[in-house]
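Make one complex out of these two single chains by using the hints.
So you can see what is in the structure, the chains are spelled out below.
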Amino acid sequence: MFLVPDSVGRFFHRMASPPHFYAFSGRLMPWLGVIFLLLVGAGLYGGLVLAPPDYQQGDSYRIIYIHVPSAWMSLFIYVMMAAAGVIGLVWRIKLAEIVAISSAPVGAAFTFIALVTGSLWGKPMWGTWWVWDARLTSELILLFLYLGVMALYSAIDDKRVASKAVAILALVGVVNIPVIHYSVEWWNTLHQGPTVTKMDKPSIHISMLVPLLTMAVAFKFYYLIAMLQRARTELLQRERNSQWLKKLLESEG
Amino acid sequence: MDLLNPFFAMIRRDLLLAVRHRAESANPLLFFILVVTLFPLGLGGQAKLLQAMAPGIIWVAALLAVMLSLDSLFRSDFDDGSMEQLVLSPYPLSLLVLAKIIAHWLVTGLPLLLVAPLLATLLNLPESAFPVLMLTLLLGTPVLSLIGAIGVALTVGLRRGGVLLALLVLPLYIPVLIFASNAIEMAAGGLPVGAQINMLIALLLAALVLAPLPAAAALKMSIN
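Quick note, the sequences are listed as chains A and B, same order. Position one of the first sequence corresponds to residue 953 (this note's numbering), numbered consecutively onward. Position one of the second sequence corresponds to residue 2 (this note's numbering), numbered consecutively onward.
Isolated chain B (complex conformation) (with noise of 0.2 Å):
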């Protein structure tokens, strides 16, 4: 059985649907400058502390963004039926599942990187730490992607799954949490950052193995 045309026709068409909606994909990225922007004005404006501050606001708010755009990644296909159709398709469904976190990675996701200097030139983070804080979205977000398609799975069934979405889903996030902040905050002291990348290679990797089989068994589970 050929699997790589499903899996790519998966992401093609996911693409596809977010290209139409383009509005809706924009959220979760105005979402993220939003937070970012809120802590200056909570904090003060102090540049020292702002500085020191600016790797766990910026993946605080990476996080965030990431949790609440995860809602779209089933719903509009558990609401109109198809999602039973995937189910039913001949290809394993941890496979199609995968292809629609990788797609809505591809569009909620990685335009979190794009924006990810300018909110660092904002809290003043030294341009030193660019290239790490660039590196760790990369690898991270992917992984909360991962890790959060199995809390959409399990609640996507549910009328008002919003608030337990984050109790379910925000524990998992810690360990991508410590090692990006950590990464970032030891390369603006110019410190080296291996240690801290390599874990997260590991957990993305390890997440892009494991994560799509929960996922796959829930939303089995969401749909009788």
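Excised from the complex, chain A in its bound form (with noise of 0.2 Å):
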């Protein structure tokens, strides 16, 4: 803990414990809840009302405010989820382990609502509903990467050895998914010269900009409040026969 002052490792120090945490997280969810709200508002309010529609597009460009920050987060959750799983996996800690399948449903959500975003955009601007292009490609593979996670998961009954299993395949997933990626756009280039796909790129106006990057908080808040909710209910269910679920149980009557 040399690394880090002392108060942030005392902070997660205590966040391992497993009474600190639930009642640390039952605290912020409504805080996250009120921020989530303001920035889903304020980002949809400017995207989809302030924002001008696009001079090629029209307005059905406007679905990459969901559509991007959602691709951008189904990478963001994967590496988060690998980390966490090392993070159990060589602390031990229970709740990095839980932290970690928590995120699996959440970051399989996002991936599977860019590539549907994805496909309803291509139909009007590129006439069809799928192409194997390497992007595409990439997050359909990694969709499979989760589902993987969450079968693996699902499969062991002992949730504690789950939770390493999962840690060791995220881990394996994380080292393969570059490859995975540059592999995919190489036999993509291999096959067919860019047509559809890489169409000249403006770069993006700042009032369309803002919007977007407030959706991207936004959906990091979601995350935050959905992987958390989740991890509340695991704990409480791992936890069932603790000594501090009784108490507390108890307390609220």
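To be clear, the hints were calculated from the coordinates, so they are not data collected in a lab. Beta carbons are placed, not taken as given, at the ideal position from N, Cα and C, and that holds for glycine. There's no promise every hint is true.
Sample of chain B residues lacking proximity to chain A, with all beta carbon distances greater than 10 Å (derived) [as the list claims (entries may be wrong)]:
id, residue
1, 44
2, 85
3, 95
4, 107
5, 172
6, 206
Mimicking EDC-like on lysine to aspartate or glutamate, the simulated pairs with C-alpha atoms at most 20 Å apart in a straight line are [to be verified]:
id, chain 1, residue 1, chain 2, residue 2
7, B, 221, B, 78
8, A, 1172, A, 1191
9, B, 221, A, 1110
10, A, 1046, A, 1110
11, B, 221, A, 1109
12, B, 221, B, 25
In structure tokens form, the structure reads like this:
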């Protein structure tokens, strides 16, 4: 703990204790909800009302306010999941394991949203629901990786063992994601030149960029909310026989 | 500590076991031949079409054959308790796992190489592409075994690991599939394939170094 200030170290140590985490995340949740609603409201208003229509695509470009942040989140959450998994694997912190597995369904959902919104946008723009473009393909593979993590976790009965397995798998996946991404990109460019997918991209105007970034931050907060909610439920399930939970229930009546 | 001795002893033991159970080791090979045979039947046997699809067909079949053969990699050791002895042994488990993977590949992966030219002939692949086909199989199938070992190690303790294994392992196989079938396609068209082969070599070296570590960690996890 010599690399980080003492107070930060203490904070993480306290967070590793289930009762403390449960109480703290419970207090945090309403605040996160308010911030998320404010950000998503501002982002949607800015993106759907204030931002001007695109000179080429008209209004249909506005799907990027969902699509692009979702795609960012899909990668971000995978890395978060692997990082939490490693922390759980190395320091045997129960809560890190729970955070890792609670991230997986949220990440899978964002990946799915990114794929679906991309496909909805692709139909009017490219004239087809799906092309075997490098980005689309690697996003699809990412979805499979998420589903693999979730399937492995649910297949193993002992949840502590399952968390370890998930951490190993997520780690292998993180090493593989760049390899998969570049191989798919290379495969695509070797097969056919970029046709519809590489449109001349004018650098995005500030009035479009600000709502986009707002949405990206809002999605981060949504991830926090969804992940923490899942983690709390998972924690209750795993700790159902523990003393602190009994006390908590009794004190709440 | 001498590490070469246990390494080769492990390979020798697994090869001996495979020789004693000959029928079992032939199954992946038969599966490989069968799957490739199914494609002309399903596609209608047009020579042009088959020729264009041959690299992909052969590689997808090889991928599935390797994946299905993986279950036997740790299964018998896991069931009869020898895996626990290996974990307890003073030697690094990753080394022993690597030895087991190599022995397994010699038994299940290498035979694929020998029938590949025959299958390529059935699919009308031009003969000029044969050396590259063999080379991609030689470089690619060990990568499949190495990556697959991680998946098997994760699922060997489960009663119904079969379909789960496919879900875990197949996405990770995609780079090998892409580079290998692309190399064969290029070779069939008379184009240079240096880049693809180099990528396959890189994947093989990286997998040789990295894959035994998570596989060993996953085995330890599966045991307790």
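To see whether the hints hold, each was checked on the structure:
1. Even its closest Cβ contact with chain A, about 20 Å, leaves residue 44 of chain B beyond 10 Å, as expected for a residue assigned away from the interface.
2. No beta-carbon of chain A comes within 10 Å of the beta-carbon of residue 85 of chain B; the shortest separation is about 16 Å.
3. At the 10 Å boundary, the C-beta of residue 95 of chain B stays outside the reach of chain A, the nearest C-beta of that chain being 13 Å off.
4. Distance check for residue 107 of chain B against chain A: the nearest CB is about 24 Å away, which clears 10 Å, and the non-interface claim stands.
5. With a least beta-carbon separation of about 4 Å from chain A, residue 172 of chain B fails to lie farther than 10 Å from that chain, contradicting its non-interface assignment.
6. Interface exclusion of residue 206 of chain B from chain A stands, the closest Cβ pair being 13 Å apart, more than 10 Å.
7. About 13 Å separates the Cα atoms of residue 221 of chain B and residue 78 of chain B, which keeps this hinted pair within 20 Å; it holds.
8. Between residue 1172 of chain A and residue 1191 of chain A the CA atoms are separated by roughly 28 Å; this puts the pair beyond 20 Å, and the hint is violated.
9. Of the pairs offered as hints, the one joining residue 221 of chain B and residue 1110 of chain A holds, with about 15 Å between alpha carbons and a cut-off of 20 Å not exceeded.
10. For the hint linking residue 1046 of chain A to residue 1110 of chain A, the alpha-carbon distance of about 13 Å falls within 20 Å, and the restraint holds.
11. A threshold of 20 Å between alpha carbons decides the hint, and for residue 221 of chain B with residue 1109 of chain A the separation of about 16 Å falls inside it, so the pair holds.
12. About 26 Å separates the Cα atoms of residue 221 of chain B and residue 25 of chain B, which puts this hinted pair outside 20 Å; it is violated.
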